[in-house]
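Visitor: In order, the protein sequences belong to chains U and Z.
The numbering of the first sequence is this note's numbering, which starts it at 9 and goes up by one.
The numbering of the second sequence is this note's numbering, which starts it at 9 and goes up by one.
Since the hints were made in silico from the structure, they are not lab data.
Errors might be hidden in some of the hints.
You can't tell identical chains apart in this list, so a pair holds if it fits in one copy or across any two.
[To be verified] With a Cα cut of at most 20 Å, we get these calculated SDA-like pairs of lysine to any residue: (1) LYS55 <-> ARG85; (2) LYS108 <-> GLU86; (3) LYS162 <-> GLY148; (4) LYS161 <-> GLU146; (5) LYS108 <-> THR77; (6) LYS184 <-> LEU208; (7) LYS161 <-> GLU142; (8) LYS131 <-> ASN259; (9) LYS214 <-> PHE237; (10) LYS161 <-> GLU139; (11) LYS15 <-> GLU86; (12) LYS219 <-> GLY114; (13) LYS108 <-> VAL74; (14) LYS162 <-> GLU146; (15) LYS36 <-> GLU101.
Treat the numbers as computed from the prediction; the structure is a model and nothing was measured.
Number of protein chains: 2
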Amino acid sequence: MKNDTMKELIVLKVGGSVITDKFSEQPKVNEQNLRRIVKEIGSAYDKDRMSLVFIHGVGSFGHPIVKRTGIHEGIEREEQLIAFAETQRLQNELNNIVTKLLIEEGVPAFPCQASSFAVMDSKKLVKMDIEAIEGLIEIGIVPVLYGVPAYDKKQKSSILSGDQIAPYLGSRLNAKRIIHGTNVAGIFTSDPKKNSKARLIPEINKENIDKVKEYLTGSTATDVTGGMFGKIMEVMNVGIEAQIINALIPNNIVKAIKGEGIGTIIRP
Amino acid sequence: MKNDTMKELIVLKVGGSVITDKFSEQPKVNEQNLRRIVKEIGSAYDKDRMSLVFIHGVGSFGHPIVKRTGIHEGIEREEQLIAFAETQRLQNELNNIVTKLLIEEGVPAFPCQASSFAVMDSKKLVKMDIEAIEGLIEIGIVPVLYGVPAYDKKQKSSILSGDQIAPYLGSRLNAKRIIHGTNVAGIFTSDPKKNSKARLIPEINKENIDKVKEYLTGSTATDVTGGMFGKIMEVMNVGIEAQIINALIPNNIVKAIKGEGIGTIIRP
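Taking the hints into account, I'd like the entire structure generated from these sequences.
Guide: What follows is the structure, encoded as C-alpha cells:
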C-alpha cells in the first residue's frame, strides 16, 4: 500500500475569509470565490505527481456562533453544549458544500471531521491519530479537513482552526509544502494598507530572518507585528516550507500548487 | 473531568431501514419515522442519569450508491475514488439532517464521522482512537455516529456500518446496554412471516442459548438462521447487554432507553 509514498504531498489551506462572506452574521458562502477556487484546485491537482490535503476555514459558518456563545473559551453552562453541537453541525454543512463542488470537479475530496478524534489541551491540538488519513492519501483520496469545535481536556471545548490543523498535519505527514491561501499577498516590510512604501518579502529564510524581525517588530507597533513575527517563527519551526499567497487573485492557487514562487515563501 | 463516569452509558443504534426510505433509489429520509424517533430520544434522554451515544444507519443514503459502485468490495478503478468520496458526503448530508432535528429537541447531538480516524482491515474495524469521544461524553455531549465508507488496509475501502460501530464502541466505552432499533420485534423461535406459531424470545442468556440454537439452526434453513445465530453469538461475545427492539412502533425507543424489557434482550 506504500506505493504512492514517493509523490510529493501538498497541504493547501484556504481561509474562511476567502470562501465565505466573513462579514455576514448568518452562515453565507462566498460563492464566486468558492466556485473559482474549486476549479483552480481541480485544474492544478495532478494525481500522478502529487498528493493533496485540503483544509478550509469556516468564516461566517463559525465565527458568529462562536463569538455569541463563547465556546472557544470553554464550556461552563449547560446551554453551551447545544451551541457546541450546533457549531459542529454548521461546519459540516459548509464542508458538504465544499466537497460537493470539489467532487464535481473530479477531485476525490473526502470529508474528514477532525473533532471526531482530535484532542486539545488549553486550546492547543495535542493528539490526532492520523493512520486513517495516511491510508486515505495512499489510496489516492484528497482528505478535506476544516475548522471545528473540539474537545479540550482543560476547558472542555476549544476551536480547532484550520490554521492549527495545517502545520500539525503537514508536519506529521511530512508534507513538501503548506500553502496558505489568504486575503493578503504575503508578508510585507510594513503594513501595506498604511504605508505606500511597504514591499512584499518574497522569501524568509535563515539568512534574512533577522532583517524580517527588524521590519516586523519596529518600536511603534510592537504588539501587532510582534504577533506576526511570532507566527512566522512558528511556521519556520514546523520544519516544512510554507507559502503565503493571496487566494482572492484568480489563478494564484493554480500557480502555488504548480510550484511557482508567488507571495511569501517561508523556508524552515 | 471524570465526574460523570458514574452515569450509565447507553448506546442506541437505529437502522437505516427505519429512518430512511430504504426502497428509494435516491437518498430519501423517512421523515415521519425520523421526526418521531428524535422526539422519543429527546424525551427519554435524561442527562443527569445517563450518557448516550447515538448511531444511525444510512439506508437509501448509502446502499444504492455502494451497490452501484462496488466500493464495499474495495477500490480497483480510478472512478471508484470519486464514488467513495461522494458516498461519505452523502452520509454527512443525512447525519446533518439527523443532528439538526436532535439539537432542536434539546439533545447536544455532536456529529462524529468515524471514517476520519477508523482503520479497517478485510472489512473489519480494527482501530479507532476513542479518546476524543470519551472526552465528549464526559463533558455531556451525545456523540452521533453513522455508517460510513472507510479506509481498509487490505482492500483500500470498505463499508463501516453502524452495526459494526455499535458493539465496538459499546465494548470500548463499557456501555451498560446497546439498544438495536430495527424493523423487527426481536428474535423469534422461527420466521414470524412464514410461521404463525413463531414466538418472540424475550431473553437469550447462558441458560437458554442451546435451545435458541435449536430454534434458529433447524435443518431446513441452515444458511439463513445459522447467520442469525452467528450474529447472536457475536453480540453475546461483546460482553455487553444488547436489546433488539422494533423502532417502527411508537414509544419503543423511549421504553428501551428507560430500561423496559421489550423485544429481545441478549445477556452476555
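Visitor: Using 20 Å as the alpha-carbon threshold, which applies to LYS15 and GLU86: within, between, both, or neither?
Guide: Only across copies: LYS15 and GLU86 sit 17 Å apart there, 47 Å inside one copy, limit 20 Å.
Visitor: How would you label the pair LYS161, GLU142 (within, between, both, or neither) given a Cα cut-off of 20 Å?
Guide: between (25 Å within a copy, 11 Å between copies)
Visitor: With identical chains treated as interchangeable, where does the CA-CA distance between LYS219 and GLY114 reach 20 Å or less: within a copy, between copies, both, or neither?
Guide: This pair counts as neither: shortest intra-copy Cα distance 44 Å, inter-copy 55 Å.
Visitor: At most 20 Å between C-alpha atoms: does LYS108 with GLU86 qualify within a copy, between copies, both, or neither?
Guide: This pair counts as between: shortest inter-copy Cα distance 18 Å, intra-copy 34 Å.
Visitor: Have a look at LYS214 and PHE237 and pick one of within, between, both or neither, based on CA distance no larger than 20 Å.
Guide: within (14 Å within a copy, 67 Å between copies)
Visitor: Between the shortest in-copy and the shortest cross-copy C-alpha distance, which are at most 20 Å for LYS131 and ASN259: within, between, both, or neither?
Guide: neither (34 Å within a copy, 42 Å between copies)
Visitor: Given identical chains, is LYS108 near THR77, meaning Cα to Cα at most 20 Å, within a copy, between copies, both, or neither?
Guide: Intra 29 Å, inter 18 Å, cutoff 20 Å: inter-copy only.
Visitor: Using 20 Å as the alpha-carbon threshold, which applies to LYS161 and GLU146: within, between, both, or neither?
Guide: between (31 Å within a copy, 10 Å between copies)
Visitor: Have a look at LYS162 and GLY148 and pick one of within, between, both or neither, based on CA distance no larger than 20 Å.
Guide: between (37 Å within a copy, 15 Å between copies)
Visitor: State whether the alpha carbon distance between LYS161 and GLU139 is at most 20 Å within one copy, between copies, both, or neither.
Guide: between (22 Å within a copy, 10 Å between copies)
Visitor: Which holds for LYS36 with GLU101 at a C-alpha limit of 20 Å: within a copy, between copies, both or neither?
Guide: Both: 11 Å inside a chain and 18 Å across chains, each within 20 Å.
Visitor: At 20 Å max between alpha carbons, let me know whether LYS55 reaches ARG85 within a copy, between copies, both or neither.
Guide: between (47 Å within a copy, 14 Å between copies)
The structure shown violates the earlier hints numbered 6, 8, 12.
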